[in-house]
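Novice: Residues per chain, in single letters:
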Amino acid sequence: MTKIVVLVKEVPDAAVQKQVDSSTGRLDRSGEKTLNPFDTHAIEAALQLKESGALDVDEVVAVTVGPSSAVKALHKAVSLGADRSIHLTDDALVGSDVVGTGYALAELIKRESPDLVLAGQQSDDGQSYAVGAAVAEYLGWPGLTQVIKLDVDGQTLTCERQAEYGYDTVKVTLPAVISVGDAINEPRYPSLKAIMGAKKKPLESLSLGDAEIDASKVGEAGRKAVWTGSQEPPAKAAGELIEDEDTAETVEKIVAWLDDRKLI
Amino acid sequence: MDLDLPDDALELRKVVRDFAVQEVAPVAEELDRTKAFPYELVAKMGELGWMGIPFPEEVGGAGGTTLQYAVAVEELTRIDSSVAITMCAHTSLGTQPIWLFGDDAQKAEYLPDLCAGKKLGAFGLTEPEAGSDAGALKTRASLDGGTWTIDGSKQFITNAGTDISGHVAITAITGETTDAKGRTRPEISNLIVPNGTPGYEIGEPYRKMGWNASDTRPLSFSGAEVPEAHLLGPRGQGFKQFMRILDGGRIGVAAMGLGLAQGALDEAAAYAKSRNAFGGPIARFGQIQAKIADMATEIEAARLLVYRAAALKDAGRDFSLTAAQAKLKTGRLAVKASEEAVQIHGGYGYIEEYPVCRFYRDAKILTIGEGTDEVQQMVISRAVLA
Chain A
0 MTKIVVLVKE VPDAAVQKQV DSSTGRLDRS GEKTLNPFDT HAIEAALQLK
50 ESGALDVDEV VAVTVGPSSA VKALHKAVSL GADRSIHLTD DALVGSDVVG
100 TGYALAELIK RESPDLVLAG QQSDDGQSYA VGAAVAEYLG WPGLTQVIKL
150 DVDGQTLTCE RQAEYGYDTV KVTLPAVISV GDAINEPRYP SLKAIMGAKK
200 KPLESLSLGD AEIDASKVGE AGRKAVWTGS QEPPAKAAGE LIEDEDTAET
250 VEKIVAWLDD RKLI
Chain B
0 MDLDLPDDAL ELRKVVRDFA VQEVAPVAEE LDRTKAFPYE LVAKMGELGW
50 MGIPFPEEVG GAGGTTLQYA VAVEELTRID SSVAITMCAH TSLGTQPIWL
100 FGDDAQKAEY LPDLCAGKKL GAFGLTEPEA GSDAGALKTR ASLDGGTWTI
150 DGSKQFITNA GTDISGHVAI TAITGETTDA KGRTRPEISN LIVPNGTPGY
200 EIGEPYRKMG WNASDTRPLS FSGAEVPEAH LLGPRGQGFK QFMRILDGGR
250 IGVAAMGLGL AQGALDEAAA YAKSRNAFGG PIARFGQIQA KIADMATEIE
300 AARLLVYRAA ALKDAGRDFS LTAAQAKLKT GRLAVKASEE AVQIHGGYGY
350 IEEYPVCRFY RDAKILTIGE GTDEVQQMVI SRAVLA
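Chains A and B, in that order, give the protein sequences.
Numbering that gives the first Met the number 0 puts the last residue of the first sequence at 263; the count rises by one with no breaks.
Numbering that gives the first Met the number 0 puts the last residue of the second sequence at 385; the count rises by one with no breaks.
Hint data in this document are derived by calculation from the structure and do not stem from the laboratory.
Think of the CB as a built atom: it goes at the ideal place given N, C-alpha and C, for glycine as much as any other residue.
Treat each hint with caution, since some may be false.
Just so you have them, the derived chain A footprint on chain B, three or more residues with Cβ under 8 Å [what the hints assert, rightly or not]: (1) 2-16; (2) 45-59; (3) 62-70.
Based on the provided sequences and hints, a complete structural model is requested.
Specialist: Rendered as structure tokens:
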């Protein structure tokens, strides 16, 4: 039997304007919140592995680290089909950086000892793209990112991942941590029954102490990355506009422009 | 006093919104232009439980509330009225009569497929010369040897003529009765007529101003026979029954007016911010701002009225007056808001380049269907002047 953990996160709704609070150096996450849309692809991937029978999945567990409001993101995750959820919430977690969050998640995952961990490619707020990799590092498991195709053969997964230059095909043996690209699937909509039944599915709420997580490695205490300031990217010099009045003349102008810069 | 929607209704709103934007919006223009019934969307909505929201799980429904139903109708109409009325009429008019008045055998036979959206149900009250004036009904049914024989016609009936339409519940005169004052009155009863019944003819779809992708047809009955057991509810209770159905149906249609007005505002605001004239976006003009502000304010007021009507129904309280008020308010608002949205779009609003043209055509029926504004005024004034 196989157990899949899906990492999820509560993020500000896409319509909310996001900015850094300069007094804390952290992202201002006030306003309407939602389940990170990229995570719905990871949940869908887990469900497809279960429903297709590709893996003999007996349980899909959604796991999050976040404030008390993150319960709603877990409700959404189970309404989409996860069987139960785990919520690590503790004031000492506030201000955790990517590595601290990865450590805390890895500790939660060890408690569950799953065969596969799935994550979305990025969060819609912090956008580090790196939490999945940090979790894999802490677990000492293989980690793959931007996976858009998963083929199962026993305990071996053949994964296609998006790369800058094309696609990599990578074989990995379970257990593994895989963050999926949003091209991997079309997430389903939760049925009304599933929405209403979400609060009835088991939700385990843990503090750092409950999960035996070292508080010095997370939050403000453990963070190594600190936001110190930000600035607009330098403005680009205005381009040159060539009006196309006489096409022969326009072509000449473009050729001359390229020639000046030794581009042709 | 809590004026916020419950969590499950809020979550449903988000999901229906996503569905409407991702699945309905890309096909809405084509469905309207080609007058094509949205079979695929109905099937998807059925899988999600939206074709039977307020009915209990025991009969195949989603086990939800009228408030959830209203929110779902609102969000669908915000994008497309044809898809919304298909779901709305199916729920309020097609399924509701069987749920409210059906006996156990009728419920068991019809409700599971209706709630799953595998079959569509229709309600046949309106006739060429009778609608809200039920005393003028002409369709007759007579019982002889355990069989009802039906003769007459119905018109403007929604969802009766699709490939998945399963039945129509019609009102018919089944005899004569004497009222409390000793006057002779027609006895009105409701009967279930399955599609495919010999003598039950479904006419060609109407050429309508709007709601082009929804199914609306005239029906005729010439010696159509159904078994005695197809009587829906007690004989002679047809008038009371359809009044109750229309009361509830008004909440759905009111949610449509609300959603259409919100959709018109969404489009108008987006256009006003992106359309430039006299050196900048037209949203910087006070005249445009005033229209947007008035629309937003009226919509918010109407929303409270619609949700109030739904919440009263869910609480088992008398909702007739509030539902009529919500219907009157939102029908007018949909017409006004879509007109203003077209005005803000200028010439582009008069062509089918933007959705507001469709919204404007779809809006007018909302001051007519499920009881005209004038009928709502009768209902409301009777309650106030009583």
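Novice: Hint by hint, note whether the structure agrees.
Specialist: To see whether the hints hold, each was checked on the structure:
Coverage of a stretch by a chain is defined here by at least three residues with a beta carbon nearer than 8 Å to that chain's beta carbons; for the stretch 2-16 of chain B and chain A the count is 6, and the condition holds. Here's how the stretch 45-59 of chain B fares: 6 of its residues keep a CB closer than 8 Å to some CB of chain A, so the rule of at least three is met and the hint holds. Under the rule that three or more residues need a Cβ within less than 8 Å of chain A, the assignment of the stretch 62-70 of chain B holds, with 3 such residues.
Checked against the numbered hints given earlier, the structure satisfies every one of them.
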